[in-house]
Amino acid sequence: MLPVNLAIFIPFIAAICIPFMYRRMSRLHLGWFVIAIPAIVFISLLPYIKPVANGETFTYIMNWIPSFDIHLLTYVDGLSVLFGLLITGIGILVTLYSIYYLSKEESLPHFYIYLLLFMGSMLGVVFSDHLIGLYVFWELTSISSFLLIAFWYHRKGSRYGAKKSLLITITGGFAMLIGFIMLHTITDSYSIREIISDVGTYTDHALFIPTMILILLGAFSKSAQFPFHIWLPDAMEAPTPVSAYLHSATMVKAGIYLVARLTPIFASEILWFYLVSGIGLLTLLWGSFTAIRQTDLKALLAYSTVSQLGLIMSLIGVGSLAYYVTDSTAVTLFTQAGFAAVFHLVNHSTFKGALFMVIGIVDFQVGTRDIRRLGGLVSLMPISFTIALIGSFSMAGLPPFNGFLSKEMFFSAMLHVQEANIFTSEALPVLFPVIAWVASLFTFIYCLIIVFKTFFGKIHVDEERIASEPKIGMLVSPAILAMAIVGIFFFPSGLQQNILVPAASSIYPGIDLSHLATPISWWHGWNTEIFMTLGLIVCGTLLYLGLKYFMNVYKLFPTHWSFDTLYNSGLDRLEKSAATVTNTYMTGYLRDYFRYIFIFLIVVTLGVFFYTGAFSFTLENDSPIHAFEWILTTVMIIAAIMILFAKSRLSAILFNGLLGFSIAMFFVLFRAPDLALTQLVIETVTTALFLLCFYFLPAWVGKETDRKLNIPNLIISLGVGATVVLTALSVHNGKLVDSISSFFENADELAGGQNIVNSILADFRAFDTMLEVVVLFIAGIGVYTLVKLKGKKEVDK
Amino acid sequence: METLMIILSGVLVTVATYLILSRNAVRIILGTALLTHASHILLMTMGGFGGTNVPITGENGADYVDALPQALILTSIVISFGVTAFFLVLSYRTYKELGSDDMYILRGRRNE
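Keeping their order, the protein sequence lines are chains P and D. The first sequence begins at 0 in numbering that gives the first Met the number 0 and counts up one residue at a time. The second sequence begins at 0 in numbering that gives the first Met the number 0 and counts up one residue at a time.
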C-alpha cells in the first residue's frame, strides 16, 4: 500500500511537471496526462478499503516543524477513505469531462495546475490528523478555488465571484485557525485522534464553547451554510467542470467533513446540536426556496447545492445527539442519522455532479443556460435528457434512484428528533420534520423546473445554432454518474458495507454500530416517511403547475434586503472609509510627513522620560561661564531667531553665516584649533554657495515665504527643542560609562602623530574618513551633474 | 557652562525644526544647516569642558581637552557641507526645471 502522505503529494508534483509536459505534448490535450493523476491516487487508495472496513486504521508521520510539534500527520479511517475516493473518483470523471469542455485554445496549463493543486490540498484536508496541517491544506483549497473561479479572468463576474469566495472562506478559515489554536490550548494536542481519545477531560474548560463556535464558523463558511452561502452562486462563474468538482462534489463538503470529524469532540455539548442542525435546516430551507426563482440553470444548481449541503449538515447535527442521549434505542436512531448524512453525501456527489455536467453540455451545445430561452431539447438531446432526468429525480428523492434512499433516512431522522427528550417546548421537535418536508417540497419543484423547463415545451426560435448531442466523450462522465445513481439504488449493500459503515464509525468511535450493517432497503412498509414522499409528489406537482402564482411569494421579499447587498455595501464602505482614512494623513506634503516624524520623536522620547523617570538636572558639574561665552551665546540665539523673522533671503543667509562664524569662535574658546579653521573655511564657502543660489532662486514674495507665524509648527518645533534639551541635560548629568578619550591621548606612541584630532581622523578612524571622502565625492558628482546636465527644456531649444 | 550650551543648542534645534517645516526650499536648507550647528555644539558639550590644553601632545602638560568629539565634529562639518551644497544645487535645478521652489506647488498629483 502506498503511504497516504505520499499519495497527497502526487498531485502537487504533477502540477509542477505540467509546464514541462505542456511543451512536449502540444498535439495531445493536456487533460489526457492529468487524468492519470487522480486515477493513480484512486487506485492507491483501493487497497485501504478492506482493512479499514475491518476496523483497522493507518497513521503516517512526516516531520515538518518538530520544534513546534507540527508534523504532516496523516490518518486513514473510514471517513477519510470515503472522501479520498470521492475526491479522486469524481476527479477522474471531471478531468475526462474537461477534456471535451475546454478547447485547446484555452489556457490549459493554468487550469490543470490549479485543478491538481486543489486535488492535492483537498486530499490533504481529509487525510490530515494534525490540526495545523489540516488548516494549511484547507486554505490551499480556498486559494485554488479562487484561482479556478477566476479562470476566465477577463470576465467581471468571474473576478467578482472569485474575490467573494476567497474573502468569505478565508475569513471563516481564519476564525477556524484561532479555534484550532484554542483547541490546542485546551487539550495540549494537535492530533484530532488524540483529542478524541481524551474526550470528557476538557469539556468544562472556559474556552470550550468559543472554540466550538470559531471552528464552526470556518466549517459553515466553507460549506456555504446560511448566511455565508452567498459566495457559492457567484462561484458558478467558473468553468462547469470546476463547478461540478469543487463547488458541488468535494470542496464545499470540506466543512461537512470537518463537522463530522469533530463531532466526537464537541457533541457532548448540546449547543453543537442546536447550531449544526439549526443552521443546516435553515440553509436547506432558504437554499431550496431561493433556487426556485433562479432563471440561470447554474445559479439554480448552486442554490440547490447550498440547500443539499444544509440537509447533510442538519443530519450530522441530529446524528450528534447520539452522544447526548443515554437510552440505547435512541443512540441507535441517531447514529442512523449520521449514517444517512454520509450516505446522502455520496449520493449528492453523484447526482449533482451528473446534473452540473449535463447543464454544462446544454450550455456548451445551445449557447445559453437561461431557462427562459431554453425548451424542447428532449428530441434533440435524448441522452442528456435521460441523465438530467435521473439526476433531478434522484435529487427530488424519487425511486428508483439513490436520492430516494437517503431522503427517506433523512425524513425518519427528523421525525425521531423528538425522542431525544431535550426540548422544553412541545413545538420545537415538530418543527424539524415540518421544515424538512417543506424544503423537500421546494426541492421537488426546482427539480421539475430543471427537467421540464429545459427539455420540454416548445423550442425557442432565437437559438443561434441547432442543438444536438455533444461528442460521445463528453457524455461518458455524466453517464457513469447516472449509472451510479441507479446502481446504488438497486445494489447499495457493497457501498454500505465497505465504505459507508466504516465512514459512519469514524463519526461514532466507541459506539456499537452493528445495527447499521442491516442492508439498506427501499421499502419499509406504509410508514410516515413514504406518506411524506407521496405528499411531496402530489403537492409538488400541483405547485409546479401553479408556479406562476407561487412566484408572487418572492415579491414579498425586497430585493435590496439580501446578504448579497450587505456584502457588497459592506465591502464598498470598507474600501471607501479606508481610502478616507488614508487620504487624511497621506497628504502628499513632505511637510506633513516631517510633522509626523517630529511628533513621534517628541511623544516617544518624552513618554519614555516620564515613564521611567529618567530626567535629572543639576548645575553642580558645570564649569564656570566666562564673559566671552555669554556674549557669543547671546549673539547666536539672537541670530537664530532673526533668521525666522528675516524679511529677505539675503539677511537670512547672513544670519546663518553669523551663526557659523560664532561657532568657529566657540571652537577657538574650546581649544579646538582644527575645528575652528575648518569651520571658518567651510562657512565661507557655504555662504558663498547660498549667495550663488540667491542669485538664481526667486525672491521671497507673497504667500510662499510664510513669514506669518505657523502655530502648529511652532509648537512642534518647541517640542523638539525641549526634547533635545531635556535629553541632553539628563545625559550630561548621568554618565553611565567612562569616556574612552584617554586612549587616543597616546596618539604619538600609537599613530606617530602629535595632533590627537588628526591622528584620530587619519589613523584610528581612517576608515571613517575614507567613507567621508566617498560621501563628498558622491555629493560632488551630484552637484556637477545637476548643474551640467541638460534638462528637457534646454534640449528642446 | 554646559547647561547654557545645551540651551543654546535647544534654541538652534527649535529654529531649525521650524525652518524645515516651512514651504520654501531655501528656508528648509537653512534649517538643515542650523541643525548641523546645533548638533556640533551638542557634541562638543557632551565631551565636557574639562581640559585646559589644546589636544596636541608634547606642548604643554597632559591636561588635554577631549579630542574625540573634535574628530567627530570635523567629520560632520565636512559632510554637512557636502550635503548643503548638494541641497542647494538640487533646489536650483528644481527651480529651473519646475519653475518653483515652493513645496506646496512641488507636491505633485493626487493619488499618484
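Read the hints as simulated data drawn from the structure, not as lab findings. Among the clues, some could well be false.
[To be verified] 20 Å max Cα-Cα, derived SDA-like pairs, lysine to any residue:
(1) K734/P <-> F48/D
(2) K789/P <-> S99/D
(3) K95/D <-> L785/P
(4) K470/P <-> I34/P
Please read these numbers as outputs of a predicted model, since none were measured by experiment.
The hints, checked one at a time:
1. K734/P <-> F48/D: 15 Å, holds
2. K789/P <-> S99/D: Within the cut-off at roughly 18 Å; holds.
3. K95/D <-> L785/P: 11 Å, holds
4. K470/P <-> I34/P: 18 Å, holds
Consistency with the previously given hints is maintained throughout, with no hint failing.
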